[in-house]
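Visitor: So you can see what is in the structure, the chains are spelled out below.
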Amino acid sequence: MLKFPIYLDYSATTPVDPRVAAAMIPWLTEKFGNPASRSHAYGWEAEQAVESAREQVAALVGADAKEIIWTSGATESNNLAIKGAAHFYKSKGKHVITVKTEHKAVIDPVRELEREGFDATYLDVQENGLIDLEVFKAALRPDTIVVSVMLVNNEIGVIQPIEQLGEICREKGIVFHVDAAQATGKVDIDLSKLQVDLMSFCAHKTYGPKGVGALYVRRKPRVRLEAQMHGGGHERGLRSGTLPTHQIVGMGESFRIAREEMAEENVRIRRLRDRLLSGLTDIEATYINGDVERRVPHNLNISFAYVEGESLIMAVKDIAVSSGSACTSASLEPSYVLRALGRNDELAHSSIRFSIGRFTTEEEIDYTIDLLHKKIGKLRELSPLWEMVQEGVDLDTVQWAAH
Amino acid sequence: MAYSEKLLDHYENPRNVGSFGKEEDGIATGMVGAPACGDVMKLQIKVGKDGVIEDAKFKTYGCGSAIASSSLVTEWVKGKTIDQALEIKNTAIAEELALPPVKIHCSILAEDAIKAAVADYKKKHQD
Numbered sequence: 001m002l003k004f005p006i007y008l009d010y011s012a013t014t015p016v017d018p019r020v021a022a023a024m025i026p027w028l029t030e031k032f033g034n035p036a037s038r039s040h041a042y043g044w045e046a047e048q049a050v051e052s053a054r055e056q057v058a059a060l061v062g063a064d065a066k067e068i069i070w071t072s073g074a075t076e077s078n079n080l081a082i083k084g085a086a087h088f089y090k091s092k093g094k095h096v097i098t099v100k101t102e103h104k105a106v107i108d109p110v111r112e113l114e115r116e117g118f119d120a121t122y123l124d125v126q127e128n129g130l131i132d133l134e135v136f137k138a139a140l141r142p143d144t145i146v147v148s149v150m151l152v153n154n155e156i157g158v159i160q161p162i163e164q165l166g167e168i169c170r171e172k173g174i175v176f177h178v179d180a181a182q183a184t185g186k187v188d189i190d191l192s193k194l195q196v197d198l199m200s201f202c203a204h205k206t207y208g209p210k211g212v213g214a215l216y217v218r219r220k221p222r223v224r225l226e227a228q229m230h231g232g233g234h235e236r237g238l239r240s241g242t243l244p245t246h247q248i249v250g251m252g253e254s255f256r257i258a259r260e261e262m263a264e265e266n267v268r269i270r271r272l273r274d275r276l277l278s279g280l281t282d283i284e285a286t287y288i289n290g291d292v293e294r295r296v297p298h299n300l301n302i303s304f305a306y307v308e309g310e311s312l313i314m315a316v317k318d319i320a321v322s323s324g325s326a327c328t329s330a331s332l333e334p335s336y337v338l339r340a341l342g343r344n345d346e347l348a349h350s351s352i353r354f355s356i357g358r359f360t361t362e363e364e365i366d367y368t369i370d371l372l373h374k375k376i377g378k379l380r381e382l383s384p385l386w387e388m389v390q391e392g393v394d395l396d397t398v399q400w401a402a403h
Numbered sequence: 001m002a003y004s005e006k007l008l009d010h011y012e013n014p015r016n017v018g019s020f021g022k023e024e025d026g027i028a029t030g031m032v033g034a035p036a037c038g039d040v041m042k043l044q045i046k047v048g049k050d051g052v053i054e055d056a057k058f059k060t061y062g063c064g065s066a067i068a069s070s071s072l073v074t075e076w077v078k079g080k081t082i083d084q085a086l087e088i089k090n091t092a093i094a095e096e097l098a099l100p101p102v103k104i105h106c107s108i109l110a111e112d113a114i115k116a117a118v119a120d121y122k123k124k125h126q127d
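Sequences listed follow chains A and B, in order.
Residue 1 is where the first sequence starts when you use full-length UniProt numbering, and the numbers rise one by one after that.
Residue 1 is where the second sequence starts when you use full-length UniProt numbering, and the numbers rise one by one after that.
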């Protein structure tokens, strides 16, 4: 039985796995102690749960548990990493590098640093969404202190070459931060091999609860940060605030499940993605956004030419997906990520991000393919642009009466 | 965005979608808007010898409001003379469909499409 709307927006958030929810509940009601309470058993058992979750998070990414700092989510982790490192190392330099296609939770902390007097470079990406290593090298300056590049892009799913970027940064003594919010459980991460200094995680993209995340802070060679949240000195002074035991237990459990099941799960998800991909690219004039090979199978971002973005979203209300268009006002604002790939406004507007996850079924994929065929067909039947293209008119040569 | 039932009905079941053959008698076409702005409307009218619009067809690339506005005007222009059609105002379209304020430009575009189609007709029949 299909449940509507069909959820294909796992890159926005995932449901909490029932096993994770079950693991969390006792820590809300019976075992409610403060992990920082050192004087009684309530505190001790909570502390033990927090530390065991820390081990589980570390295990998924090849880190030592001592290198994991709890936060409220990837946004906070990114803020702590980028602003914390830039503030700590500001005597060494004032230049920060990131990428135009990063999440706002990276772009905006870098903008804040600019307001504080730092210099920032926002790198262009290639048409496939990937960083060109030569462009990256050329952007490095003697006073570059922090580089932040995401592992998996949230909109288009491409996997950036962080292994090579890490080597370059390490050689030059630059702090390298990676936002891995969209990566856990999808790609293998081994921080014992990667030359990454700081890595952001969150639970809710990996079947854990919202409101909890973590920051990996490398110990060897040691990376220092200036705390952004001051208070009781929790998390070795890097992030004060009472630890939410139930949330942390949930994140630990979700990362444990990811580690144990990701190999098998990703085979299944790739099969569903391939089915969706071939079903949708059957439709004429469709374009895949982001590199076809170097991407996670969970994400498929497609532009449908000659149909308008908002009417497309209205037409596919039976599926819950994200659109490249923020067409909620009179001013059209296409996705800045798709613009960075060089997509024109029309194609950026008429894009849909399908993201597949643990609970997606083949039946849901087949329904989606059928729905898109029908609706794209109907909208193109309505589209004067499509009619002109069918008649052989080159739309770029038409004099439009812009309004 | 919350849309009215009338608007959704025109979006789901647009009236008079299509094109007339270019060579048919009494056909005039108005095309307004631009792809980069997110709306292109093509309105065609078929005018009888008595100057009355016998039929109308449209195609629209645009949001739900743009599709509904153009669908609505194809219904409204039928049976009107070309001069009566010119009296259809965007405010009436916006009111009929209860367009939200940010979508008023769709009704303006629909009014422009009528004007453009009538202008095309007059150009072709000025003799």
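These are computed hints drawn from the structure, not numbers from a lab.
Even for Gly, the Cβ is constructed at its ideal location relative to N, Cα and C.
Each hint should be verified, as a subset may be incorrect.
Stated by the list, open to error - Within a straight-line C-alpha distance of at most 30 Å, the following computed DSSO-like cross-link-like pairs (lysine-lysine) qualify:
hint	chain 1	residue 1	chain 2	residue 2
1	B	Lys-6	A	Lys-375
2	A	Lys-90	A	Lys-137
3	B	Lys-49	A	Lys-378
4	A	Lys-375	B	Lys-123
5	B	Lys-123	B	Lys-6
6	B	Lys-78	A	Lys-210
7	A	Lys-3	B	Lys-123
8	B	Lys-89	A	Lys-378
9	B	Lys-49	A	Lys-375
10	B	Lys-124	A	Lys-374
11	B	Lys-124	B	Lys-6
12	A	Lys-94	A	Lys-193
13	A	Lys-374	B	Lys-89
14	B	Lys-57	A	Lys-375
15	B	Lys-89	A	Lys-90
16	B	Lys-115	B	Lys-57
17	B	Lys-22	A	Lys-378
18	B	Lys-6	A	Lys-374
19	B	Lys-80	A	Lys-172
20	B	Lys-6	A	Lys-378
21	B	Lys-115	B	Lys-22
22	B	Lys-49	B	Lys-6
23	B	Lys-57	B	Lys-122
24	A	Lys-317	B	Lys-122
25	B	Lys-80	B	Lys-124
26	B	Lys-124	A	Lys-375
27	A	Lys-137	B	Lys-6
28	A	Lys-374	A	Lys-104
29	A	Lys-92	A	Lys-31
30	B	Lys-57	B	Lys-80
31	A	Lys-90	A	Lys-104
32	B	Lys-57	B	Lys-78
33	B	Lys-6	A	Lys-317
Claimed, not checked - So the derived label-pair ranges between C-beta atoms look like this:
hint	chain 1	residue 1	chain 2	residue 2	range
34	A	Ile-283	B	Lys-89	35 to 41 Å
35	A	Glu-112	B	Ala-34	51 to 57 Å
36	B	Gly-48	A	Met-1	53 to 59 Å
Visitor: Enumerate the violated hints, using their earlier numbering and listing them in ascending order.
Guide: Numbers 3, 4, 5, 6, 7, 9, 10, 11, 13, 15, 19, 22, 24, 26, 27, 28, 29 and 35 - these are the hints that the structure violates, sorted from lowest upward.
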